[in-house]
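> The chain contents come next:
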Amino acid sequence: MTGRPALVRIAINIVVFIALEVLCLAMIANNSVVQRYKILGAIREAQSAIWQKTSDIGSYFSLKKDNRLLVQENVDLQRQLNMYKAMSAKPDTAFVHPAGLYSYMAADIIKSTRGKQHNYMLIDKGTRAGVSEGMGVVTANGIVGIIDAVSDNYSYVISFLNTEQSVSARLTKSDHFGLLRWEGVNPHKATLTEISLNCGAAVGDTVATSGHSSIFPSDIPIGVVSKIKPVSGLYLSLEIDLFQDFNSLRHVYIVANRDRKEIDELEQGGER
Amino acid sequence: MKDNWGRYVFFAALLIIQIVLSGYVNLGPYIYLCCLPLIIIYLPLYQETFISMLIAFAFGLAVDVLCDGIVGLNAAASVALAAVRKPLFVAFFTRDNLERAVLPTISESGVFKHINFIFTSLLVYFLVYICLDSVGMESLQTTLLRLVLSCAANLVLVLAIDYFMFNSRR
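Line by line, the protein sequences give chains A and B.
With the working numbering as the guide, the letters of the first sequence map in order to residues 1 to 272.
With the working numbering as the guide, the letters of the second sequence map in order to residues 1 to 170.
There could be a bad hint or two in this list.
Cβ-Cβ distance ranges computed for the label pairs, FRET-style [to be verified]:
{"#": "1", "chain 1": "A", "residue 1": "A11", "chain 2": "B", "residue 2": "Y163", "range": "35 to 45 angstroms"}
{"#": "2", "chain 1": "A", "residue 1": "L40", "chain 2": "B", "residue 2": "C67", "range": "37 to 47 angstroms"}
{"#": "3", "chain 1": "B", "residue 1": "I115", "chain 2": "A", "residue 2": "G41", "range": "53 to 63 angstroms"}
{"#": "4", "chain 1": "B", "residue 1": "S139", "chain 2": "A", "residue 2": "A42", "range": "14 to 24 angstroms"}
Examples of chain A residues toward chain B, derived with CB under 10 angstroms [said to hold, decoys possible]:
{"#": "5", "residue": "L23"}
{"#": "6", "residue": "C24"}
{"#": "7", "residue": "I28"}
{"#": "8", "residue": "N30"}
{"#": "9", "residue": "Y37"}
{"#": "10", "residue": "A42"}
{"#": "11", "residue": "I43"}
{"#": "12", "residue": "A46"}
{"#": "13", "residue": "I50"}
Hint data in this document are derived by calculation from the structure and do not stem from the laboratory.
For each residue, glycine too, the CB sits at the ideal point set by N, CA and C.
With the hints as constraints, model all of the structure from the sequences given.
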């Protein structure tokens with residue numbers, strides 16, 4: 001037919017077709033009120049859809065930034081909550097630490113293990129950010145672990161999913177406390193031991209941190225009781241379903257006790 | 001060249017028939033008689049599609065202006081038909097027919113194929129025309145009824161014109 005390549009011919013046809021149809025639609029809209037209303041309505045709808053999509057794409061690319069802002073906001077709120085807790089716990093005290101006993105710092109997990117008996121994780125905050133050994137690592141869903149070693153920019157955390165790790169926890173209903181330990185089998189379950197027989201524990205009761213250590217603040221929810229078993233007629237052993245899903249863990253908070261050094265020194269002095 | 005002149009005289013005659021039909025024949029709200037699809041179907045096949053679209057646009061606009069309708073309706077439908085004319089032709093006839101740039105006669109291609117091709121072309125034309133005319137103001141049943149009745153009535157008209165004028169010219 002002509003010497004033009006097929007692709008160029010198709011492109012020309014498409015351009016001419018669109019141009020002529022747009023011209024026709026413009027003429028129709030110009031000559032009839034009903035058609036004008038409908039055509040302009042369709043154009044506006046298409047515009048809105050395009051704007052919506054553009055906005056969605058923009059939001060998607062700013063998600064990381066938004067997430068960081070939310071995490072920071074969370075840290076601030078946690079700090080405030082901690083302060084109010086300290087104030088309400090000591091209403092008649094002459095002096096209350098203005099920022100509470102504990103401070104929080106957001107961190108991201110850069111490496112973690114889950115399938116071993118002694119699991120660990122690496123987080124992206126180190127001494128430069130004020131992190132030191134012995135600090136706790138938590139999320140809103142429970143405890144994550146304790147910092148064991150620190151470099152300038154990273155910290156090595158011994159995960160709660162470590163058979164040698166135990167934390168002090170209490171039943172929120174009765175305030176009885178014991179030691180919570182992972183048994184090394186199921187990452188969703190842990191065992192609370194040394195609970196006295198008369199504690200009145202029931203399946204479904206919530207377990208939270210006791211606050212009887214200088215690492216974790218009290219009242220961080222950990223899980224719920226799923227099974228109760230007496231041990232040698234003296235104590236109860238409670239199976240706990242953990243709130244924390246270690247498989248989906250990415251963001252954590254490092255929790256620092258401002259008076260830890262003082263408490264530890266006092267403890268060491270007492271032991272001597 | 002002579003053949004082309006004859007063709008454009010035939011188109012002019014169809015345009016006059018269209019003006020007469022629009023002015024004096026009223027078959028109700030469901031049937032719109034229109035000779036424009038026939039003009040577009042019989043545009044020279046050797047022409048580039050974009051030239052056929054430009055000619056179809058000119059004819060459509062002429063009908064819109066001369067017949068006192070909504071300006072742009074027939075033009076939009078004509079351009080759409082001109083755009084899909086060659087693919088439709090290849091679908092119903094052979095590529096060999098397209099390369100010879102000849103629309104086969106009923107006796108050459110068979111009544112069934114010929115009617116199918118004309119009906120599908122009319123369907124494309126009236127689909128665009130009726131959709132733009134009603135712009136969602138009519139129910140689906142009414143739109144479909146308009147589409148089917150207009151296509152059927154125009155098929156008869158096109159075949160009649162084809163038989164009386166075009167076949168005698170061939």
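> Could one say that the CB atoms of A:A11 and B:Y163 fall in the range 35 to 45 angstroms?
39 angstroms, holds
> Holds or violated: 14 to 24 angstroms for the Cβ distance of B:S139 and A:A42?
Cβ of B:S139 to Cβ of A:A42: about 19 angstroms, so the range 14 to 24 angstroms holds.
> Any CB of chain B closer than 10 angstroms to the CB of A:N30?
8 angstroms, holds
> Holds or violated: A:A42 as interface residue toward chain B, Cβ cutoff 10 angstroms?
9 angstroms, holds
> Given A:C24 as an interface hint, is its Cβ closer than 10 angstroms to any Cβ of chain B?
Holds - the Cβ of A:C24 comes within 10 angstroms of chain B, reaching about 4 angstroms at its closest.
> Would the hint on A:Y37 be counted as holding, given a Cβ-Cβ threshold of 10 angstroms to chain B?
At about 8 angstroms, which falls below the 10 angstroms cut-off, the nearest Cβ of chain B leaves the hint on A:Y37 intact, so it holds.
> Could you check if A:A46 really has its C-beta closer than 10 angstroms to a C-beta on chain B?
Nearest chain B Cβ about 15 angstroms off; hint violated.
> The hint names A:I50 as touching chain B; please verify it with the least Cβ-Cβ distance against 10 angstroms.
21 angstroms, violated
> Is the hint on A:L23 kept, meaning its closest Cβ partner in chain B is under 10 angstroms away?
Result: holds, 8 angstroms to nearest chain B Cβ.
> Would the stated hint for A:I28 survive a check requiring a Cβ distance to chain B of less than 10 angstroms?
With a closest approach of 4 angstroms, the A:I28 hint holds.
> Between A:L40 and B:C67, does the beta-carbon spacing fit 37 to 47 angstroms?
25 angstroms, violated
> Just to be careful: measuring from the Cβ of A:I43 to every Cβ in chain B, is the smallest value less than 10 angstroms?
Status violated, d = 13 angstroms.
Hints 2, 3, 11, 12, 13 from the list above are not met by this structure, while the remaining hints are.
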